[in-house]
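Okay, here's what each chain looks like letter by letter:
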Amino acid sequence: MPHLPPRKVGIVACSGEEMAEGTVTRLAALKVLEELRPTMTVTICLPLFLAGGEGDRAFARFYPTIAVDGCARRCAARATELYSHKPAVSIVLDDVLAERGLQRPQGLRRLTPESLPVVDALAEVIAGEVDRLMAARWSRSEGRLLDTEESEPATTGSTGCACSSGIPISRVRVNGRTVAIMALEPILEMAYNQGLRASPNDHATASLPPAIMDAVRLYNAIPSEDDALYTEAVQVAWQHFCAAKEQNHG
Amino acid sequence: MSIVIVPCSGIGKTYGTVTREAAYRVVEELCPGETEIVPLSLLVLGDPEAQARVRNNTAVITLDGCKLACATVNVGQAGGTVTRAFTVLDCYRRHKDMKPQGIAELNAGGLALAQALAAEVAQAVAEIEKAEAS
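The listed protein sequences derive, respectively, from chains A and B.
Take the first sequence: its letter number 250 is residue 250 in my numbering, and every next letter is one higher.
Take the second sequence: its letter number 48 is residue 48 in my numbering, and every next letter is one higher.
Isolated chain B, as found in the complex (with noise of 0.2 angstroms):
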């Protein structure tokens, strides 16, 4: 089964859009077939598929856009539970010289650390493969 990542899906910030980015990334180019998105909009509803898939795979990593940890707490409301937690702030702080600005688009800052975030997220996925092989 694949792990599962959640990414915040705000719409309205930057850090949002960080997550979104950095989770397609990590779906289509860096673990393509070891990983899926669940969207939150699914999960917000109610949706029974939707939980099912978090409650049902192996795994599942959240990516947060900020304090409010919307995709953390979503998914123990629809009674998953959260392998890894990663926020695009932490991301940030541990590289301050990829200052996200836009929204609809990305500065190049903001591509950066979505890459990084990206990065990060595919070495827990590469953790718990390990971890789950043994």
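Bound-form chain A, shown alone (with noise of 0.2 angstroms):
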């Protein structure tokens, strides 16, 4: 598998500006973010999956995510699922609230003092599934649970923004068209470190090695029609990765 950053759980909260339970999800989230799981976890901003926030979409078809919604609306799911991978939980605030007995919030841009136990009942919720999704195996193509096996949970890091997560999107421009693909630099890397190798002179696409088409394929959701494109993109990567390497190494 090419090497991707340390798995992270994002968090998408809905924040509805317009109701109580809104404010109680961003709070909550906040918790979970800076105090709760803060090596753990990332926050994903909602409005930038609409307003093109690559790293944002990337994120969330990579690792895990938690939707956090305050009302059955359920925004923060719907758009995730929408934009990007369907969440690997979905947390509606009044299931929290009918579960643990918890009054319904009040107020916007302050939340009553009798409300701040909603936040903290939330944050634990939050924070427990964090520690699942964490202890499980998690398929990065097909963005699913593979079991509840336990393994080592990511430990390095910072709590941060999803669109900082670092995994990469190169730009490759073909006939002109720029063509984003997902996690190619690492997908390179490691199709090198293979022993694999560019035919010199050769822009032929049937000189890309198929475990490389294969691999992109895997991390990225490419439309049948444009299958050609991408394959000459990658080959034209490919050619330009390995040149690079063998002049770094004379």
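Take every hint as true, because none was put in to throw you off.
For lysine to any residue, the following SDA-like pairs were computed, each having C-alpha atoms within a straight-line distance of at most 20 angstroms: (1) A/K245 x A/V172; (2) A/K31 x B/L106; (3) A/K31 x A/S115; (4) A/K245 x A/S207; (5) B/K13 x A/R109; (6) B/K13 x A/E34; (7) A/K245 x A/N193; (8) A/K31 x A/E129; (9) B/K13 x A/R110; (10) A/K31 x B/T14; (11) B/K13 x A/E35; (12) A/K31 x B/G102; (13) B/K13 x B/A116; (14) A/K31 x A/E114; (15) A/K31 x B/A104; (16) A/K245 x A/Y192; (17) A/K86 x B/D47; (18) B/K130 x B/G33; (19) B/K99 x B/A119; (20) A/K245 x A/P209; (21) A/K31 x B/N107; (22) B/K99 x B/L89; (23) B/K130 x B/T83; (24) A/K31 x B/K13; (25) A/K31 x A/L108; (26) B/K13 x A/T39; (27) B/K13 x A/P38; (28) B/K13 x A/L36; (29) A/K31 x B/Q101; (30) A/K31 x B/E105; (31) A/K86 x B/G46.
No lab work stands behind these hints, which were simulated from the structure alone.
Given two chains presented individually in distinct reference frames, assemble the corresponding complex, making use of the accompanying hints.
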């Protein structure tokens, strides 16, 4: 597998400004990010999905996400699935209120003191799901839990936004079109380290090792009509990658 | 009809919190009854009611926390027209003494900056209303 940044869990809070429940989701998410599970989580910015946040979209494609919604409209869960990938977990505040017998929160800009235990309860539920997801094996290609077998949790890095999650996106220009390919660099690095090489002076796509395109397809949804374009783009990138390596090695 | 205010809604950075605080100050304190907040999350999802509110209202004012301008972009994607677009960074450049810090809770500088931004937005609300009345 190509080397990608350590797994973390992305938290997408609805943050709805019109209702107290939205404020609760935002504060609970921040509590998890800053206090309860700071090394295991990042926040994913919901509006960035539409505004072109490639980092956020890429993160949610590769790593598990928890959508936290303040109401049954489930904006965070539905938008995450619409623009990136189905969240691993969807939490709706109403369910937490019902399960724990808590009063509905009050206040928009400032929650009432009586509402603060709701933030704590929701943060506790989110943290529990973070632990469960970090302990399980996760399929990046399928975007789902493989099983509940425990694996080593990531312990490095810092709390932050998914837009700086580090999943590389390469852009290759072919025939006047720019193709964005996720995780291309680590895929090429992996292939190179496995001993594969580009044929010098050969730009025919036949020289592209099939394993490279297999890996690219694993991490990118390539429309069938664009398959040839992507293959050519990867071929160009592979030629340049190998040439740069050879140059560095003298 | 109310003037719609759309803050950026980001939760991971201080500037997002400043836009939200400024929006609340406009709607609750400076221009109550004249303005309303439309949550960005509803626009992202394509909620028909939220989309209608940014399309049909008299004016839309966006408050963005960074250069990605999520609020402005999402209002455009929803079919609305942004009447005035504000960014925290521009406001901060005018008020360098108000350095914002904190996310869940803003520091004094952040609250002051939110108040300054809210005042600029309230001024824009007054100008828009004046233009519509004439």
